[in-house]
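Chain A is already provided as a structure; the job is to place chain L on it using the hints.
Chains as they are written, first to last, in my numbering: chain A, 1 to 692; chain L, 1 to 692.
Honestly, the hints are just simulated from the structure, not real lab data. Only true hints are included.
It does not matter which identical chain is meant; a pair holds if it fits inside one copy or across any two.
Capping the alpha-carbon separation at 30 Å, the derived lysine-lysine pairs in DSSO-like fashion look like this:
#: 1; residue 1: Lys-280; residue 2: Lys-447
#: 2; residue 1: Lys-610; residue 2: Lys-460
#: 3; residue 1: Lys-306; residue 2: Lys-460
#: 4; residue 1: Lys-573; residue 2: Lys-447
#: 5; residue 1: Lys-134; residue 2: Lys-353
#: 6; residue 1: Lys-573; residue 2: Lys-521
Since this is a predicted model, take the numbers as computed values, not measurements.
Number of protein chains: 2
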Amino acid sequence: MPIKRLPAALAALATALALASSHAEEGMWTLDNLPLAHLKEAYGFAPDPAWIAKVMHASVRTEGGCSGSFISPDGLVMTNHHCVEDCVGQLSTSTRDLMRDGFLARTRTEERRCPDFSLDRLDRITDVTARVSKAAKGRSGAEYSDAKRAEIAHVEAECEKGGPAGVHCEVVDLYHGAVQHLYRYHRFDDVRLVFAPEYDIAQFGGDPDNFNFPRYDLDMGLVRAYENGSPVHPADFLRFDPAGAKAGEMTITSGNPGTTRRQFTVAQLERVRDVDGPWKLTRLAEQRGLMTRFMQESPENARIAKEELDTIENSYKAWYGQLLALRDPEVFALKRREEAALRDLAAQRPELKDDVGAWDEIARAQAAWRGIAMRHRFTEDAQGAWSEFFDIARHLVRAADERAKPDGDRLPAYKASRLAATEQEVMSSAPIYPAFERLKLTWSLTKLREWLGVDDPLVKRVLGRESPEVLAARWIGETHLADLAVRERLWRGGRAAIDASDDPFIRLARVLDPESRALRKRAEAEVEAVEHKNAERIAQVRFAQTGTSAYPDATFTLRLSFGKVEGWNADGKPVAPFTTVSGLYERATDFAPFRLPPTWTGAKGGLDPKQPMNFVTTNDIIGGNSGSPVIDRAGDIVGLAFDGNIESLGGAYFWDESSNRCVVVHSGFILQALEKVYHADALVAEIARKAR
Amino acid sequence: MPIKRLPAALAALATALALASSHAEEGMWTLDNLPLAHLKEAYGFAPDPAWIAKVMHASVRTEGGCSGSFISPDGLVMTNHHCVEDCVGQLSTSTRDLMRDGFLARTRTEERRCPDFSLDRLDRITDVTARVSKAAKGRSGAEYSDAKRAEIAHVEAECEKGGPAGVHCEVVDLYHGAVQHLYRYHRFDDVRLVFAPEYDIAQFGGDPDNFNFPRYDLDMGLVRAYENGSPVHPADFLRFDPAGAKAGEMTITSGNPGTTRRQFTVAQLERVRDVDGPWKLTRLAEQRGLMTRFMQESPENARIAKEELDTIENSYKAWYGQLLALRDPEVFALKRREEAALRDLAAQRPELKDDVGAWDEIARAQAAWRGIAMRHRFTEDAQGAWSEFFDIARHLVRAADERAKPDGDRLPAYKASRLAATEQEVMSSAPIYPAFERLKLTWSLTKLREWLGVDDPLVKRVLGRESPEVLAARWIGETHLADLAVRERLWRGGRAAIDASDDPFIRLARVLDPESRALRKRAEAEVEAVEHKNAERIAQVRFAQTGTSAYPDATFTLRLSFGKVEGWNADGKPVAPFTTVSGLYERATDFAPFRLPPTWTGAKGGLDPKQPMNFVTTNDIIGGNSGSPVIDRAGDIVGLAFDGNIESLGGAYFWDESSNRCVVVHSGFILQALEKVYHADALVAEIARKAR
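In isolation and in its complexed conformation, chain A is listed as follows (with noise of 0.2 Å):
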């Protein structure tokens, strides 16, 4: 499941290890540890457990990698316009174009399902560490993954059973597998959208403002879960404060940040430095050109490739960002001196002597996934064959292999814990349109001979003596993917439907998924298996270091934050905290991503020039995060986290509180956008304000 905004994020050119003091900002603290006593002394805060109940209860973690909250009793949920992008696309056509023109469901019967979508919303935290570590204790490589894997089956399965209807449970790895806790969750998969800005508001600014400020985005989305038909009723919501929270005001991030990677070794980082952010980084400029020029040739073309478009020049500069906080030599210093600081104490203390080799094992996984990474880009991570038909495809076949397997032994996606949602996913309703398929399955497949070489047996497979451009051509007009009958046929007839088909992507699936699974295979048991097992022990000999107080790395699972609404120096310019709407019609242009909809050149002359648009905050937060609510010490809503400024973007490895910021769009603005542009006069009674 990706991360759909990897990057944003505040933090640490200090990283875990010497925070306790003197960052006080820094931390995504997971709900059952927060940091009370640093709360208190720093702001005077200390939240009650019934306090951090409902701000856990009220919050939401979206299918598509983002975050949310529920604003009203009736189901509301707030996320960003970015994080409903797809949904808007899916329910787009050529004749309506919501993505360009927005969406405003005036009356619940208006509001339109999403084809893929689902929300999940965190109600129990519960410690299965020794369970999990007895079962793995004394394997190592596939036999530790093997372990570890079946027994957090069953903890899963087990938690779902006793579970009340919609309960869906994952075991989250916390410090890199030092820690395992059973999150259990409530999923809601019908997931309906009520409103979405026009594109030109939501992502004002578009790539160029991406990761900027000042800024000037409403990027908000509103959906609505229901269950049975109906709207659900929560328990537990946030109230909207339409004045915001002012400069200096203590600020509250509750969401989902995806990934960090503060804990790596000197060997990982180097990986992610050389190996796979500049592919990844080079991969998505390509691919980005590639949409750039086929999306102006038509507006057609224009709009069906948009989202994707979107997806790509967000990753690429997130990467860019990432790879230039690892490429400045000073920060790879600070990281050499670290570990060896760490190494260091585990070869003084007796009881971490054995902890001493950790280290050297990691860097010998790193040299392993280096001779098999290019092999398992084009197989196992299906960059080969970059096409909808084709993720399709590998479901149903993979599907048919592994639902006949006992639940612990499955891949991730087929396990009953997941099941459902790899369904949806094959059987969503969201357009394919194949003038898109061709041109990115011909450009994948001549990225796969490129890559694995002209005379590579698994290419020649694949293409046989014919050329990218005529199979994909081909292939795409012979599929019968497109019918969500065939799809269904292929689901439900398992191994014996599959084998019976010719359709040219289950057969494509086919011949990639030996190859595939074997590598996926060395990479579990010669990496990431290493990686886990070593990464426990150097866990243990930091937790030797700085005790319990530290906050593991993002894991896409809830986490608070805490900072306050401050701007910064840019390259010795001060950068204010606040925009403004008069700032907002000053920086428009008649020309995209500068140009206002008509709805907001017409509304101009009713909004209040001065009221605050966009802030931003010390909120050490990362992509996921976006969507998150930004509430006060009281719990109410002071704003929607919605990015992270450029300089944020190596906090995925370490923090530096004195430039790092959180973009946020402002309680009052959202108010204000929906009575007096929108005219929403439901939707703003509807959204629960704070009491007076």
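Just chain L now, with coordinates in the frame of chain A:
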């Protein structure tokens, strides 16, 4: 001047430092300092001064960044197809596509002048180190560069003043500035296309096979040097040996390797690995995606963008290979060890103690570069205005300013010694395609905004409140620079004509020029001058370590390399050194880039299937060596170098004798192709043959 094939290189895990004894085949040797003792010992080969002079005078360098050789008494020059590709494209039209169909002048009157092409033949080498050092002695920073540059301009001007017609003089910095040699060339600027095979056989296998072996290419082109309207008659030319070389036989390349960085410091290598290389690679990747789609739109788009895509793809793969080497942890560890050894040596010897600080000064220069790199790219490197019109406009604007200055103060392109070549570029009749210009300019203006930021004052001056799309379309519609008469008027009219012009590209060049020049100055003073000065000091330390038996890093000047015909082991599998004509026909399919042109499908029966086609040697080459004659100890041609294998790309930084190979077209295959496929009887008769 771009090096067309930056890539290929046969280089060294041990670098120059250790070469003298163990690594027989490393080295790109200047003709005044060949490793004669080693050649005698290793090969029993003792070239006399006449042999050396003949090879020197039979070799040429092309303005486009390639090498070549005279192969007849009537001025016929052999080089690669990819070295005449620009000319072939420029002489093509929408109705006559010479790239696709090839070109053969059956008589001299059919030979067609290349719009923008010249050849340099090296006539004499003179050591001017003492003179240049004296001028710069005791200075640093900008003063150091200015003094050196002024003295070099004097030396060059004196040389040209006293020389015969066509004389062209360049002072070459060798050993990173420790030695300056004056190279006196004879320049031929009337060069006519004689023969180019169809692209599909010249570059059979296209990008997928580029830098790979086994290989099946007829990557050759023939041009003829003219003077005063008649073919020239060089005193020295090389003769073909149709039998070629056998496995294990000694081979020599004579050519102009562009750039190696084997003597870079670790800080400089980090800059390549972490700053410049990644930027270039991702930029090329995005350009490639853009081109790829543009070319899919129509056969005409495919035709007009083809050379550009070829250049981009070639550079992309070359940079990828170079970075792959630099990202290998073992390679970097080796470089660190070597540098530490040199620093230790300097610290130990009293006479070198002053040089110990040289490495740190170079490191500080790299940090300075990091601070200005981005703005430098978008101003001085013109990456925000990717357009032929802009390139012409900038030359016009700058020439107007520069020509008013003393020669020593001018920017290099406008010094007396280079002015004619610059004028040829400005006045080139090569076609400019508006649709293609629009594609490139729109994209690059978008990049300008993306990387310098919407709020940047320079970006605002360029874009105003308009969009890149709109501006690019308008400027390309309004410009008159397609008209050669307009260009000539502006070239001759000097500053007054430029000031009076309202051409949008002249305007753009004027807007960018002040900051561009300022950044150029800073880069020269804070980066290049520091690097050069301190590289000189390090070179002295290196001389103390290895004596003068080392060769200098490549400088796009004439070098010989010595090797032999030999395969290698790729991932444990042996690769045989030769391919044959039968292999070509086995590899062919119905689809580009593995499709044969009709001439070749028709000629199949008449060709010897066992004729060796391409082969590999251990010669140490790199981009710029494309088109080098491969000769035997008698000085006869046994092949035509056109590429390096993928393993060789790290050769820019170090040499690995076990796997780096030079890829060559076999001499006998060239003759068979001309005779049996193209029936080019006059050429076959003209090409000189070895004495029997």
